[in-house]
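Participant: Here's the letter readout for the chains.
Number of protein chains: 2
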Amino acid sequence: MSDPSDISRMLCGQTGDQTLRNHSIYTQMMETVLSFMKLTTRDQQQDPVLEGQKHSQAIREEEALLGHLMIQLVKHVESVATGGQKFQLSWPSMDSRDNVRGGQQAQSSRQTCQDTFIGYDLSNRGLDISSLYHSSFQDHNTYQRNKYHKENNTLGFINLGTSENKLCVDLLKERLRRSDMNYVDDNLLQYPDWRGQPFLREEVARFLTTYCKAPAHLDPENVVILNGCSSVFSSLAMVLCDPGEAFLVPTPFFSGFIFSACLYAKVELLPVHLDSRVTSANTSPFQLTVGKLEQALFEAKMEGKKVRGLLLTNPQNPLGDVYSRDAFDLHVIVDEIYMLTVFDEAITFHSVLSIESLPDPGKTHVIWGTSKGFGLSGFCFGALYTYNREVASAVSAFGFLHGISGIAQYKLTQLLQDREWLDNTYLPINRFRLQAAHKYITNELKALNVPFLNRGSGLFVWINLKKYLHPCTFEEELLLHRRFLDKKLILSPGKSFMCKEPGWFRLVFADNHLLLRSAMHRFHQVLLEQERDWTRKQLEDAIKE
Amino acid sequence: MSDPSDISRMLCGQTGDQTLRNHSIYTQMMETVLSFMKLTTRDQQQDPVLEGQKHSQAIREEEALLGHLMIQLVKHVESVATGGQKFQLSWPSMDSRDNVRGGQQAQSSRQTCQDTFIGYDLSNRGLDISSLYHSSFQDHNTYQRNKYHKENNTLGFINLGTSENKLCVDLLKERLRRSDMNYVDDNLLQYPDWRGQPFLREEVARFLTTYCKAPAHLDPENVVILNGCSSVFSSLAMVLCDPGEAFLVPTPFFSGFIFSACLYAKVELLPVHLDSRVTSANTSPFQLTVGKLEQALFEAKMEGKKVRGLLLTNPQNPLGDVYSRDAFDLHVIVDEIYMLTVFDEAITFHSVLSIESLPDPGKTHVIWGTSKGFGLSGFCFGALYTYNREVASAVSAFGFLHGISGIAQYKLTQLLQDREWLDNTYLPINRFRLQAAHKYITNELKALNVPFLNRGSGLFVWINLKKYLHPCTFEEELLLHRRFLDKKLILSPGKSFMCKEPGWFRLVFADNHLLLRSAMHRFHQVLLEQERDWTRKQLEDAIKE
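As they're listed, the protein sequences go chains C and A. Numbering-wise, UniProt numbering puts 380 at position 380 of the first sequence, and it's gapless, one number per residue. Numbering-wise, UniProt numbering puts 375 at position 375 of the second sequence, and it's gapless, one number per residue.
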């Protein structure tokens, strides 16, 4: 029953039988190698003066294992010769992740082995998970270990790669330090209702009713609270899909979804590739149309994939005519976490919850949290709103392993219900600062002649660095990403969002002005170096000719 | 690739092939039934005035589906007749959970269907999870909806079923309200190190060094923080086992482990059945011996099961000679969450972390949290301490979906580092109150002539109500449990802890005196009614004869 490779199999599209066969041979071989290494390592760890008898026995065991290994290798090579199987004596295949990070994965996987020694203590899936995590969160973990600080650590990493809103930390700290926040009662210290504390579910329903302009009061019974939006998404994937089933997701999309879909649910995210070029059918860059969805759905069906839902991010991919179509009979998960980040006054946010008569309310599930609009990612809070009581009830099950502390639930409730502070202090100042930071960054980009997408919401801009890639490939995108890292600047390469075209980067601007200035200085330096090297290479090539 | 039934298959020991065959037929049939119901339901929801054409088509579709269903049923019955397959047209088999809750499961599963209508929106595993959750947490959810309160709700449920320490809420509230607790900084509001904030990992390492009497300073790099001990256990099960592999667990054990092992890891918990009788080999009730472990391991191997580890609770199953044996080459997970609940001064707690030279440090993993000793279950905090860096590194991956809020991490750090308050206020008072509550409850039990186990640690006593069961079966245990529920008293039946012998109940005593008095009043009433009914039945039988 052991099947450690299904994450990778699922995502890299290998057929089950073939994988099983490969896996079985692979596992046997690895087990032999591991037993051998275990034996030799143990010997090294033991008393250096081995008794004669013990020593001879160890040598005999080593020889036997080596022999066994050789026989297996020979057999395997024979089977490849006769059966035409592809021979790969490498670490478990994780092609899917290679795709995400353009080759970083494979390197990191090998690195892990070297750093921490071959893991005979972990299960196969434990090795896969560890490897996937360390490659997916490499930048995040690098940043955590060496953060930039304007006084203490000016040589640390500046992180414009993680979508966080750090513009109103002062306002939030002041509000969270007020005396009403320090309340504790018995209820907050004990096991909660696993759906979330009733008072927070009520407040979330009230809050969403107001800020999503719902036509009627939203019902707290339709709210489930978990420790973060990724946990909500993972849980939805668990209860809406069986392993191997799929969601359609327009690209580029949040890379955390990939990890969340992989870790437990084993749900495939099928990209609906959008195009940056504006054409007659594509009236804005990265536009999502019904035609593209239909095409993606058709292709998925041709490949025998069972698509259960569509994952949208709103605002970002405005719903428009896409959402009003229920012809697909799919679940629609709408991530509205960026709801309160609309800073362009010309734009009005339209929540799914504001739609008077939803095409299929029982298949509409909204995810919301305070990580982006409030910059409270450290609260680990995510909420589900669904009209489908059965889905709400099933997602509640995840509260046991994805619960959020009572005191955090209390503070969030206080924050969400302080409408006076929200409407007159926090939200207008937040909007103003987002505007200003966005303006500063986009002006800098214009001055550097770097194209970007102008969206009017969110915490980041998509920038186009294609002209710095020679040739314009994902390998070069990765090299440029590493060049930024060398200058202690973190940007997210488009590849990690499953973007189809190389050369795009996501740059987060929701940070304080001084930090953004230092960041843009580093950014400019990297681009200059990149240009200089390219010019030098061209000169060298010309001289050679 | 879809395989929704593996949770149940794994635990009920069906062979893979047989299950797959059953499942496949089952799924097809269910799909047909569901499509049919969906069609008819949708019709009901639509405009009552159907156009003639549409209506006829719907009828044709209904007929076709019904015909298809009938053919399938006939075929299935035929295959049963010829192939001898067991025919079960019921909800997905979840025998494992039936075992846990002695039949409640099956009932609840069916109830769910009736309550919320057939769930064509959930995946197969979504249905399984929802069903498992609602049966496992039935008592908890009942309690959450209608809690006893000495002033506002004296007719509410008194919960002596959930192991919580409510004895020192006053001390904790006072400490948590002090001004040092209301600190907020940028760091706490933003995405954390997914292993847990460095300051908390450092404090946990210091705390465990002191209170576990570690021979050397414990290393914060070996600590991983997640949102609860169940999350830590689930993550360990994920990284140490592949699906279908197993841990040995002496019974009775915490029922939450079953849910945690099932939900994601799909790891089987193989009970090592202990005996309440004292014999020459069994010098104390429910004693764990090497012999019993060896026997369980042998039986597991005979059944072709791959045992990867042993899960112990310390204190409760004192380690004694069991732990010092590494002959098994198993991972040993030691749950030391009850560490600070030793109230009997004659007992000294021996942590695994106090052992000078562990037999196999790389395979020793300790789980600890503040739910029991501190009664802070609402904080959703659990810590792993492992000497195996590879395991620590792999478990870190789970921080992304099992993170705990920064402010909760900060408050916990403040609490754990306030040694003056801990040593001179909290711990002695907690110990004193545990002693007093334990004494009150055990005196009451003695007065009622109810046998119990005296352990000197923990928040509960195991009580023996065998003499109230006629006959002494798990069915009768469940009926008695329901009788307690009817009197608004929650106790946990032994069956939910995989206890081998019917008649045992777990009674939590770590609550305030007035509540315990009301609880014991209800308890006594139930026993009187149970006796009265039994006497009446005997008389009736005698008269009949």
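Be aware that one or more of the hints could be misleading.
Intra- or inter-copy, both count: the list cannot distinguish identical chains.
Stated by the list, open to error - List of simulated lysine to aspartate or glutamate pairs, DMTMM-like, C-alpha gap at most 20 Å:
hint	residue 1	residue 2
1	301	511
2	266	203
3	467	418
4	439	486
5	439	545
6	305	533
7	500	345
8	213	203
9	488	531
10	292	186
11	213	541
It should be emphasised that the hints constitute simulated quantities derived from the structure, not laboratory data. Every value quoted in this text rests on a predicted model; they were computed, and no experiment measured them.
Participant: Hint by hint, say whether it matches the structure.
Facilitator: Now the hints, each set against the structure:
1. For the identical chains of this complex, residue 301 and residue 511 are neighbours neither inside a copy (43 Å) nor across copies (58 Å), given an alpha-carbon limit of 20 Å.
2. In this assembly of identical chains, the alpha carbons of residue 266 and residue 203 never lie at most 20 Å apart, being 33 Å within a copy and 36 Å across copies at closest.
3. In the homo-oligomer, the alpha carbons of residue 467 and residue 418 never lie at most 20 Å apart, since the shortest distance is 48 Å inside one protomer and 58 Å across protomers.
4. Taking the shortest alpha-carbon separations for residue 439 and residue 486, neither the intra-copy value of 27 Å nor the inter-copy value of 65 Å comes in at or below 20 Å.
5. Within a single copy, residue 439 and residue 545 get their C-alpha atoms no closer than 46 Å, and across copies no closer than 95 Å, so neither meets the 20 Å cut-off.
6. With identical chains, the CA atoms of residue 305 and residue 533 are never at most 20 Å apart, being 45 Å at best within one copy and 60 Å at best between copies.
7. For the identical chains of this complex, residue 500 and residue 345 are neighbours neither inside a copy (31 Å) nor across copies (67 Å), given an alpha-carbon limit of 20 Å.
8. With identical chains, the CA atoms of residue 213 and residue 203 are at most 20 Å apart within one copy only, with a shortest distance of 15 Å there and 45 Å across copies.
9. Taking the closest pair of Cα atoms, residue 488 and residue 531 come within 20 Å of each other only inside a single copy of the chain (19 Å); across copies the shortest separation is 76 Å, beyond that limit.
10. In this homomeric assembly, residue 292 and residue 186 never come within 20 Å of each other (Cα to Cα): the closest approach is 53 Å inside a single copy and 42 Å across copies.
11. Taking the closest pair of Cα atoms, residue 213 and residue 541 never come within 20 Å of each other, the shortest separation being 62 Å inside a single copy and 68 Å across copies.
Of the hints listed earlier, those the structure fails to meet are numbers 1, 2, 3, 4, 5, 6, 7, 10, 11, in rising order.
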